[in-house]
Amino acid sequence: MLDLDLWKEILSALKQNRMRSFMTAFGVFWGIFMLIIMSGAGRALENGVMEGVKAFATNSAFFWTERTSIPYEGFQRGRRWNYDNQDIEYIRQNVREVEYLSPRLFGWQQNGDNTVRGERTGAFNIYGDYPDYFKIDGWTPVKGRLMNEIDVLQKRKVCVIGERVVEVMFDKEEDPIGQYLKISGVYFQVVGVIHPETRINIGGGKKEETIIIPFTTMQTAYNYGNVIHFFSVTAKKGYSVSGLQEKLQRILKERHKISPDDVQAIGSFNIEAEFVKFSALFTGIQVLTWIVGIGTLLAGVIGVSNIMLVIIKERTQEIGIQRAIGATPAKIITHIVAESVFLTVMAGYVGLSLGVGILEILNKILEAAGDEVFFRNPEVNLTMALAALGVLVISGMFAGLIPAKRAISIKPIDALRDE
Amino acid sequence: MIKLNNIHKSYEMGSSKLHVLKGIDLEIEQGEFVSIMGSSGSGKSTLLNILGMLDNYDEGSYHLAGKLIANMSEKKAARLRNEMVGFVFQSFNLISFKNAMENVALPLYYQGVSRKKRNVMAMEYLDKLGLKPWAEHMPNEMSGGQKQRVAIARALISKPKIILADEPTGALDTTTSYEVMEILKEINEIGITVIIVTHEHDIAAMTQKIVRLKDGRIHEVIRNGELSEFRYKYSKELQPA
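Protein chains in written order, with my numbering: chain A, 1 to 419; chain B, 1 to 241.
These are calculated hints, taken from the structure and not from any lab test. Be aware that one or more of the hints could be misleading.
Said to hold, decoys possible - The list that follows gives simulated cross-link-like pairs (lysine-lysine, BS3-like), each with its CA atoms no further than 27 Å apart:
no.	chain 1	residue 1	chain 2	residue 2
1	A	K411	B	K98
2	A	K411	B	K76
3	A	K8	A	K364
4	B	K67	A	K8
5	B	K116	A	K405
6	B	K214	B	K3
7	A	K15	B	K67
8	A	K182	A	K206
9	B	K3	A	K8
10	A	K411	B	K161
11	A	K172	A	K143
12	A	K15	B	K161
13	B	K3	A	K331
14	B	K3	B	K161
15	B	K128	B	K159
16	A	K411	B	K67
17	A	K54	A	K364
18	B	K128	B	K67
19	A	K8	B	K214
20	A	K331	B	K17
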């Protein structure tokens, strides 16, 4: 292959027909370019979404209550009901598959501004939580600390707040730690400012607008009795969340006199199942990308093959001369295939570089846009780039092989006659 | 050197068959200067192509330098052509994007001779044909006579035993034609067999032996001594009836 004359000939042949070579190469260029861009975009969507959920415990499940749909044991359908502290106790003691269990209460966000500090007011999502919650849905303290067990045990009036809450309720230079917020009539001391690690949001609203207070404090201070609105669990290693989810549903239905056949009364979902759906979706996107990309590439390669056929036709006489003065068929085939591979690989290389370059620029723009975007790190891994290059070389060879076979099937004598 | 025995050749033209050569018996010795003549369609080019191993024959036998030339692989034929035969064509058939020197050096490239060595040899041959100053010129920058001389240099560089020329003067004016014939004569004098196809009588008259084809058969063979008679007949043919 390292034959100077061969390359000289290939280059001069391509140079003779700049426009045609360019247009042919463009087909391949476009194919690989599209493949890279689409794959990168698909990957970026995946990264964006996965980045948003990666700090979320994938072995977790969530439970809330809905109205019953089947009359049972003397109760009519349509009954409203709630979980209670005894449920949690029971589960903690009897269900050994549970790793973390974190009950939650929702505050009244719907009733307009619920938080006051001097002249400032704001409407935020108030949650009463256990510290275990942070092990399921990750948060990082930006300032101060997270909530802890002692806060819950002593029913302390403390809160951790999201960054948006800080913006609304405090001056820019003010340090919120140690300050007090009046939440629905009760004063709470701010002990931490927290930043969400995931973008999965339970309960609606923006995660930055969250105020979390100790669960026990909330239950007592706002007269919830032993009511629980919602709870999250994670399964211990080796147990499936779906199994745990079903078991808990069965237990809860029994404890609250709900028909075992009622599918509506207990609202729940598990992240594991959602993750499987997500993964399938992204696999689907990648597969689709490859199908479309390879299709486009194939069209480009067929273009190369086609143009090589035209080139052969034009050079029939030249090939005839070469064969008359001693070029073996192998030499002719090598020449044509090398030319085709060269054209394909050059075009592909340019497409590859440009595609990667554009993804890189996109990446810079996205990074500047911050982490609100569900689109992150558009990237093409090396394996994929190498695979694409391999596909190019092989397809270039095939694209050249058909015209080459045609070229040597012409007898030298016919080739020379062709005038 | 060349021994043809009852050579037949026909071409398929769709459904019909065109019988071009109908039994050619011909012997050409080493160092002869032969011209093949005949009206168009008489099979003279076909014969030359068979001699040059560019085409195969249907029937009979062809021995070149004692070797039977039949059913050869394309690879073997290519090598044999490269070693034994040099071609000169009517339309020169130089490769348009290579300069004179590169064109001349091409057969050596197929022999695997190194670039430096084959360029030196190409220059040598161009010098012999008085084209040294034109070595770097492309074919389209040269006159017909120059192009044909480049083609002859290319035919000679592989030191062939035979030069086959298909209408070498067909595209040239009379003066240039005679120059080219002079060169071919010189080549013949160093012992290379030269066979040309032509339909020009004056060109044929410069060779030692004329083979006249008619309808795929050898009509007559005129030898050296009889050429004067041929010249006489030729001039008579030119007289208005």
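So, against the hints stated earlier in the document, which numbers end up violated here? Checked against the structure, the hints that fail are numbers 3, 4, 5, 7, 9, 12, 13, 18, 19 and 20, while the rest are satisfied.
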